Structure formats: C-alpha cells, structure tokens
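S.K.: Starting from the given sequences, assemble the full structure and let the hints guide the process.
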Amino acid sequence: MSDYNYRVIVDVESSEGRSNISIGYPKNQPLLSVKDTSHILAGAISLLIKTASKGDKYKDYELIQEVINHLNSEFVDTDSFSDAYVNPKIV
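Converting from the sequence shown to this note's numbering requires adding 411 to each position, the first position being numbered 1.
No wet-lab data here; the hints were simulated from the structure.
Please note that a few of the clues may not be correct.
[Unchecked claim] Restraint ranges, calculated between C-beta atoms of paired labels, are given here: (1) Pro-437 with Tyr-472: 26 to 36 Å; (2) Gly-466 with Ser-493: 15 to 25 Å; (3) Phe-486 with Val-421: 15 to 25 Å; (4) Val-478 with Ser-426: 31 to 41 Å; (5) Asp-447 with Lys-468: 30 to 40 Å; (6) Ser-464 with Val-497: 29 to 39 Å; (7) Asn-480 with Pro-441: 30 to 40 Å; (8) Asn-439 with Ser-464: 30 to 40 Å; (9) Leu-482 with Gly-435: 20 to 30 Å; (10) Val-421 with Val-487: 14 to 24 Å; (11) Asn-439 with Ser-484: 32 to 42 Å.
Keep in mind that this is a model prediction, so the values were computed, not measured.
A virtual CB, placed ideally from N, CA and C, is assigned to each residue, including glycine.
M.R.: The following block contains the structure:
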C-alpha cells in the first residue's frame, strides 16, 4: 500500500437471523487486495479493543478473547460464509 488515506466501508444487514455483510471502498480510491483490507480491518478491531479498556464495561483482554472466540466459531461452522465471494471488479 502506498501513502494514501484509505477507507473501507462495512455494511451489515440483519435478515432472518443472519447477518449479511458487505465490504467495499469509495469509487475514487485505489482498490485494495483482500490481504490489505484484512490488515486495515484488523487494525480497526485492535483500536476498538484497546479503547475498551478506557471505559468501565470491558477490559481489553476480555474483549480480545470474545473476538478470538467469535472468529474461532465462524471458521469451525461449515455454514458460516458458505456464500461468501470476492467481486473481481472490486479487489
């Protein structure tokens, strides 16, 4: 990634007990790879987890464990993301 202000857009729509998640980018921005986008989103999650320790509801180590457990459950469940795809015109 070169020097640039990148923006990643995450849309979440809940329907029939499932979440439909779309990840996109502004049209005037250089396209990002799945790997680069994953790193940006992981950085955003890290920032959120660290700021949790500044509040009084969660400790950062508790929230990171919840996130890890969530990721583990998503990748163990064979139905999770079975309909996921990458639009080749985007990435």
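S.K.: Confirm or reject each hint.
M.R.: Each hint, compared with the structure:
1. Between Pro-437 and Tyr-472 the CB atoms are about 35 Å apart, so this pair conforms to the stated range of 26 to 36 Å.
2. Gly-466 and Ser-493 have their C-beta atoms about 35 Å apart, which leaves the hinted 15 to 25 Å range violated.
3. Distance hint check for Phe-486 and Val-421: the Cβ-Cβ separation is about 19 Å, which falls inside the suggested range of 15 to 25 Å.
4. For the pair Val-478 and Ser-426, the beta carbons lie near 23 Å from each other, so the given range of 31 to 41 Å is not met.
5. Look at Asp-447 against Lys-468: about 32 Å separates their beta carbons, and that is inside 30 to 40 Å.
6. Between Ser-464 and Val-497 the C-beta distance comes to about 34 Å, which sits within the given range of 29 to 39 Å.
7. Taken as a hint, the range 30 to 40 Å holds for the pair Asn-480 and Pro-441, whose Cβ atoms sit roughly 35 Å apart.
8. Between Asn-439 and Ser-464 the CB atoms are about 36 Å apart, so this pair conforms to the stated range of 30 to 40 Å.
9. The hinted range of 20 to 30 Å is satisfied by Leu-482 and Gly-435, whose Cβ atoms lie roughly 21 Å apart.
10. Restraint check, Val-421 to Val-487: a C-beta distance of roughly 23 Å satisfies the suggested window 14 to 24 Å.
11. In this structure, Asn-439 and Ser-484 meet the distance hint of 32 to 42 Å, their C-beta atoms being roughly 37 Å apart.
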